[in-house]
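Assemble the whole structure, with the sequences as input and the hints as a guide.
Residue numbers (the numbering used here), protein chains in the order written: chain H, 167 to 298; chain W, 17 to 294.
In case anyone wonders, no lab produced these hints; they're calculated from the structure. Where hints are given, some of them may not hold.
As the list claims (entries may be wrong) - Only part of the chain W face toward chain H is listed, based on derived beta-carbon distances under 8 Å:
1. T18
2. I72
3. A79
4. L105
5. L110
6. L114
7. I118
8. P146
9. A228
10. A230
11. I232
12. R236
13. V242
14. M245
15. T291
What the hints assert, rightly or not - Not the full set, but computed from the structure, chain H residues with beta-carbon under 7 Å of chain W:
16. I256
17. P259
18. V285
We put the beta carbon where it would ideally sit given N, CA and C, even for glycine.
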Amino acid sequence: MAESNKPPSRWNDERVERIMGTLLQNGVIISAVVVLAGGILYLLRYGRLPLRYENFVAERESLRGLGVVANSALHGDARAIIEVGLLLLIATPVARVLFSIIAFALEKDRLYAVLTLIVFLILIYSLFGGAT
Amino acid sequence: MTTLLFIPLVLLGSFVAGLLGALTGLGGGVVIVPLLVVAFHVNIKYAIGASLISVIATSSGAAAAYVREGFSNIRIGMFLEIATTMGALFGAFLAARLAGGIIAIVFGSVLIISSVLSMGRGHGEKFTGPPDRWAIRLKLSSAYPTAHGPENYKVCRVPAGFGMMFGAGTLSGLLGIGSGAFKVLAMDQVMRIPFKVSTTTSNFMIGVTAAASAGIYLRRGFVAPVLVMPVVLGVLAGSVIGTRVLVRARTRWLRIIFALVIAALGIEMVYGGITGRF
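In structure tokens form, the structure reads like this:
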């Protein structure tokens, strides 16, 4: 079945997708390594303590400021190292969206640069805005 | 239970969940929450927090493999992500406000529906009519590789698909799952996008959708780092191996067994929710 409306920039899209795939994979590998390191450290230190998650206490686990987490992680706090790994993991798809905005802009596809920017702004609002 | 016993057990359970999720295409998220809640007595809010983070990992981890095959359509994905991320924000907003029992009932119902969806039902037939005007304006039509050269496809009912994607995003944010089955339903059945393109594009979208709920989950204390650690690592390892095996394995029977397990877990969740166990 012959079609004439095939997008002219197909090759570009493919290249962008390839780079994006690599970006995502690397992000996941790096964060998994950090989480694993923090986890091993945690088990070595607190392995004998009991662990319970039956009751939900919102304050117990709510995220401390980014600066506090980074600082604790640098001082070898196992839980904070895990948190850094998890934050890297969450940042990975956000980086992918940011990269897509740039890629669409380079392809001179203004419509999709704007649509992707909307997705990015929603993510930023969720992560840094007042959304609770 | 001591930490030294709890963590390896959760790791093992998550590994199996990730493996089965990849083999059946349903994703690990739908099993991990009932597993944590029913077997490990984890509060449902911590369970969906851990699941949501593992969903980001598997989606991003698998993306590279899918992208190489050239099936996913990033334009369709990006456009629909506007709907899924807004839905995810709304879902997480609800999760922060609803009681655990209600979330369990919704979760159980979604499990039962997913199980039924995964059982039978052929894929949507190839759409041959004219694409709708949104599809043209948004340049959604494209092509995907087949054994006999690239195959073109057109897209229809874009507004309906967009609306359904908001719903899929809401479920993702409310339950901490990828809601891949519902994303595929919207693309394959409603927008008539070829099945292969629908599944790979859906996988691509899941990570971004989940990231949109993550902010609220983090601030509301749903993400318990020490619990999330074995869940993320286990599900990720399981799904990576599952995706490798997928190429060779015959998954029909596995799929049916898995569907039955999911249905049973769904009934258990609904029952537990109604009797006030969560």
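For each hint, the structure was consulted:
Of the supplied interface hints, the one on T18(W) holds, with its beta-carbon coming within about 6 Å of a beta-carbon of chain H, less than 8 Å. Hint status for I72(W) relative to chain H: holds, with the closest Cβ pair at about 6 Å, below 8 Å. Hint status for A79(W): holds, given a least beta-carbon distance of 5 Å to chain H, under 8 Å. The restraint placing L105(W) at the interface with chain H holds, with a minimum CB-CB distance near 6 Å, inside the 8 Å limit.
Annotation: interface hint on L110(W) violated; nearest CB of chain H at approximately 12 Å, more than 8 Å. Checking L114(W) against chain H: minimum C-beta separation of about 12 Å lies over 8 Å; hint violated. The restraint placing I118(W) at the interface with chain H is violated, with a minimum CB-CB distance near 14 Å, outside the 8 Å limit. The interface hint given for P146(W) is broken, as the beta carbon of that residue sits about 11 Å from the closest beta carbon of chain H, more than 8 Å.
Interface hint status for A228(W): upheld, as the beta-carbon distance to the closest one in chain H is roughly 5 Å, under 8 Å. Hint status for A230(W): holds, given a least beta-carbon distance of 5 Å to chain H, under 8 Å. Hint status for I232(W): holds, given a least beta-carbon distance of 5 Å to chain H, under 8 Å. Hint status for R236(W) relative to chain H: holds, with the closest Cβ pair at about 6 Å, below 8 Å.
With a least beta-carbon distance of about 6 Å to chain H, the hint placing V242(W) at the interface is held under the 8 Å criterion. Hint status for M245(W) relative to chain H: holds, with the closest Cβ pair at about 4 Å, below 8 Å. Interface hint at T291(W): violated, since its Cβ lies 16 Å from the closest Cβ of chain H, which is beyond the 8 Å cut-off. For I256(H), the interface hint holds, since its Cβ comes within 7 Å of a Cβ in chain W; the closest pair sits about 5 Å apart.
The interface hint given for P259(H) holds, since its Cβ lies 4 Å from the closest Cβ of chain W, which is under the 7 Å cut-off. Interface hint status for V285(H): upheld, as the beta-carbon distance to the closest one in chain W is roughly 5 Å, under 7 Å.
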